[in-house]
Amino acid sequence: ATRKDLGLRELNWILTEQPILTSSITGDEKLYDLNSDLEALDARDPNFTFVKTSDLPHNPLLFGSKGIIALGNRMAEAWIKMQLE
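The C-terminal position of the sequence shown is numbered 86 in this note's numbering, with every residue numbered one higher than the one before it.
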């Protein structure tokens, strides 16, 4: 909707993997698996990039300093790759 609202159908978009929350946070509630949809969108939209983050150092909800730096590097690499394609 954002691309349509802005009139920029070719707008590059980068999103990162969302953390899988443990039952200690969600209780018995099963949350929607957004990451599967983001991976599928990445496969079909050349202007969208999904950056995986599950292997980066982090606590259940937040990245530590090393994780933030690694995340920034991955997002920069994704942006550069999009510009070269």
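It cannot be assumed that every hint is accurate.
[As the list claims (entries may be wrong)] Listed below are the simulated BS3-like cross-link pairs for lysine-lysine, each with C-alpha atoms no more than 30 Å apart in a straight line:
hint, residue 1, residue 2
1, K67, K82
2, K82, K5
3, K53, K82
4, K67, K5
5, K53, K67
[What the hints assert, rightly or not] Cβ-Cβ distance ranges computed for the label pairs, FRET-style:
hint, residue 1, residue 2, range
6, T3, Q84, 18 to 28 Å
7, G28, K5, 34 to 44 Å
8, D46, A77, 17 to 27 Å
9, E30, K82, 19 to 29 Å
10, E30, E86, 10 to 20 Å
11, G65, E40, 18 to 28 Å
12, N60, S37, 40 to 50 Å
13, E11, K67, 15 to 25 Å
Hints are computed from structural coordinates only; laboratory data are not their basis. Just so you know, even glycine gets a beta-carbon here, dropped at the ideal spot from N, CA and C.
Hints and how they fare:
1. K67 with K82: holds, 23 Å
2. K82 with K5: Holds, because 23 Å separates the two Cα atoms, which is no more than 30 Å.
3. K53 with K82: OK: K53 and K82 at ~15 Å, within 30 Å.
4. K67 with K5: violated, 36 Å
5. K53 with K67: holds, 15 Å
6. T3 with Q84: 18 to 28 Å: holds, 19 Å
7. G28 with K5: 34 to 44 Å: holds, 37 Å
8. D46 with A77: 17 to 27 Å: Check passed, 20 Å falls within 17 to 27 Å.
9. E30 with K82: 19 to 29 Å: For E30 and K82 the Cβ distance comes to about 36 Å; the hint is violated.
10. E30 with E86: 10 to 20 Å: violated, 39 Å
11. G65 with E40: 18 to 28 Å: With a Cβ separation near 25 Å, G65 and E40 satisfy 18 to 28 Å, so the hint holds.
12. N60 with S37: 40 to 50 Å: Because 23 Å falls outside the window, the suggested range is violated.
13. E11 with K67: 15 to 25 Å: Violated, at about 34 Å.
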